[in-house]
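K.L.:
Please model the entire structure based on the sequences and the hints provided.
Protein chains: 2
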Amino acid sequence: MIPSTNFMYRIRPRSNPSTFLHHLNQTLNSFFLPSSGSRSPFSDFASDYQTVDECRRQEIREEESPGSEFDFKAYMLEKIGVVNQALDAAVPLRDPLILHEAMRYSLLSQGKRICPIVCLAACQLVGGDESTALPSACALEMIHAMSLMHDDLPCMDNDDLRRGRPSNHVVFGEHVSVTAGYALLARAFEHIATGTKGVAPGRIVRVVSELARLIGAEGVVAGQVADLKCGGNGQLDMGVEQLEYIHLHKTAALVEASAVAGAVLGGAREEEIERLRRYSRYAGLMFQVVDDVLDVTKSCAELGKTCGKDLVAGKATYRS
Amino acid sequence: MIPSTNFMYRIRPRSNPSTFLHHLNQTLNSFFLPSSGSRSPFSDFASDYQTVDECRRQEIREEESPGSEFDFKAYMLEKIGVVNQALDAAVPLRDPLILHEAMRYSLLSQGKRICPIVCLAACQLVGGDESTALPSACALEMIHAMSLMHDDLPCMDNDDLRRGRPSNHVVFGEHVSVTAGYALLARAFEHIATGTKGVAPGRIVRVVSELARLIGAEGVVAGQVADLKCGGNGQLDMGVEQLEYIHLHKTAALVEASAVAGAVLGGAREEEIERLRRYSRYAGLMFQVVDDVLDVTKSCAELGKTCGKDLVAGKATYRS
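So the sequences go chain by chain: V and C.
The first sequence maps to residues 1 to 320 in the working numbering.
The second sequence maps to residues 1 to 320 in the working numbering.
A portion of the hints provided could be inaccurate.
[What the hints assert, rightly or not] Facing chain V, from chain C, some residues (calculated, C-beta under 7 Å):
hint, residue
1, T179
2, A183
3, R187
4, F189
5, P201
6, V208
7, A212
8, A217
9, V221
10, A222
11, Q224
12, D291
Derived by calculation from the structure, the hints in this document are not laboratory data.
Ideal placement from N, C-alpha and C gives every residue a C-beta, glycine not left out.
P.N.:
Here is the structure:
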């Protein structure tokens, strides 16, 4: 899948080739850049790697030598398959049945699997074996699924539709849904601790610490609370700074955790971890910008979730 | 506090003296045993350590040599102070304020701190330094606080009173309460991973794995779901076996996690861990039996929570 001659990310000589992160960045950029010569809004962090112009030159080189072309879509489909299979095995159907059904309903529903794939790609990027990051990749998807179940609850966004299906609490009831959310969070940490093989225990402890911090009161949860405080108050004139706080915490923190976990498990040096942290944080923010735009430009059927809901709720978004 | 001549638990020569677990057991036993000559309902597991008769002889020896008497109440008060101080530092008041206020409201409210103290005592019992287990002890209380907030939610037990004060969701709203619960759970794992010092990382990974398993879909959450399934259905004729399943999971699993975490961090051998696992599981079950009896024999003011609620909800208890 990955051309062996492509050393796009020259972090250190032993780095394995991986163009996934570059292509993810380009996919996000493509929503905003009319021509490849424009400066990316993320040029500050991108300068750690390549400028947009350099990316374009790289693209041209790839186009000129089709044998080494990176097939982004095929890569994503392959990794989604790997992750889905691992998720299915990580949360098997067992007693209590209704609890595990609720956990699996949200966990195995059709999703982009961005966080798990960022984790696997970051591990590979720094020269690690992808398999060492697979349990953490699954854990990230468990946490993501939990946060979506949580967001949809009647006491939160009160959303009945998620990934093209009725939300978890609509199917299983609010009490089972809240409980299954806690169970997924606990299972995520258990899976990292028991499933990660071939890595020094100190690195596993580091992953637990990074992940727990970034999803907790300093990360995802902080963003959720700030978002709730603004929701429905018609704060459409909220400053970009405040909006950025919400999305850096609510969305980007999990992408950051994904890249950092993969890098740590792949054996990255501290400066490599920090570069990937910076990259992934802003890629996560960009993901949210795209999501906000899609929320008002796409139909519910295309999105698989209730569209225009932020507008209805009077929430500030990048679109507003 | 602990008499240096008392080697009650002769697990191995290097064991430090600790009579806490023995006294905890006796405190629980005292609810049921009219005379010290009776057999404990937990005699099977107790035989790993001492029979009730042996305990009584030990008591007599202690009474005869008052200089070495173990002051259970003073020990508990001292450890509660240590734990409370550590909890206060572990979850400081910071932004977002409402989130941290909600976390601290439940975490720092007056509680028995049984789980943290079992953790510290187990660590000391196997020869470890109590300070190595303090972050895990705090994590256990965070998880316990989270589970109480969760239990009290309108979609769960819908309880307005907890530890003598309005429940968390009554004060902060359901949305903040659910979110603060997730944040406490995440903080628990972060605190174990970042706060534990002087222990091989492999043992920290083991604690994360044990704790996550015992509070998740195989432990506490499984018990909560089984309890909810039975609640309000008037299943007062439920068999003891089913009732035991609920309480072994909902209550005893966290006590088990406490003892196992302390033992692992204290450097226990595998057979010592398994003995403490067995002891603590049944001590936890006994705790629930006592709780069920108190629920119908004590007033709300004495309990600091809504009393008789299981009876009203039509839930089966050991009393029924």
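K.L.:
Confirm or reject each hint.
P.N.:
Okay, the hints, checked on the actual structure:
Proximity of C:T179 to chain V holds as hinted, the smallest CB-CB distance being about 6 Å (cut-off 7 Å). At a threshold of 7 Å, the smallest CB-CB gap from C:A183 to chain V is about 4 Å, leaving the interface hint in force. For C:R187, the suggested interface contact is upheld, since its CB lies about 5 Å from the closest CB of chain V, less than 7 Å. A least Cβ separation of about 4 Å between C:F189 and chain V falls short of the 7 Å threshold, and the interface hint therefore holds.
Satisfaction of the interface hint for C:P201 is found here, the shortest Cβ-Cβ separation to chain V being roughly 4 Å, below the 7 Å cut-off. Residue-level restraint check for C:V208 holds (minimum Cβ-Cβ distance to chain V is 4 Å; threshold 7 Å). Proximity of C:A212 to chain V holds as hinted, the smallest CB-CB distance being about 3 Å (cut-off 7 Å). Hint status for C:A217: holds, given a least beta-carbon distance of 4 Å to chain V, under 7 Å.
Interface hint at C:V221: satisfied, since its Cβ lies 4 Å from the closest Cβ of chain V, which is below the 7 Å cut-off. At about 5 Å, the closest approach between the beta carbon of C:A222 and any beta carbon in chain V falls short of 7 Å, and the interface hint on this residue holds. Checking C:Q224 against chain V by beta carbon gives a least distance of about 6 Å; that is within 7 Å, so the hint holds. At about 20 Å, the closest approach between the beta carbon of C:D291 and any beta carbon in chain V exceeds 7 Å, and the interface hint on this residue is violated.
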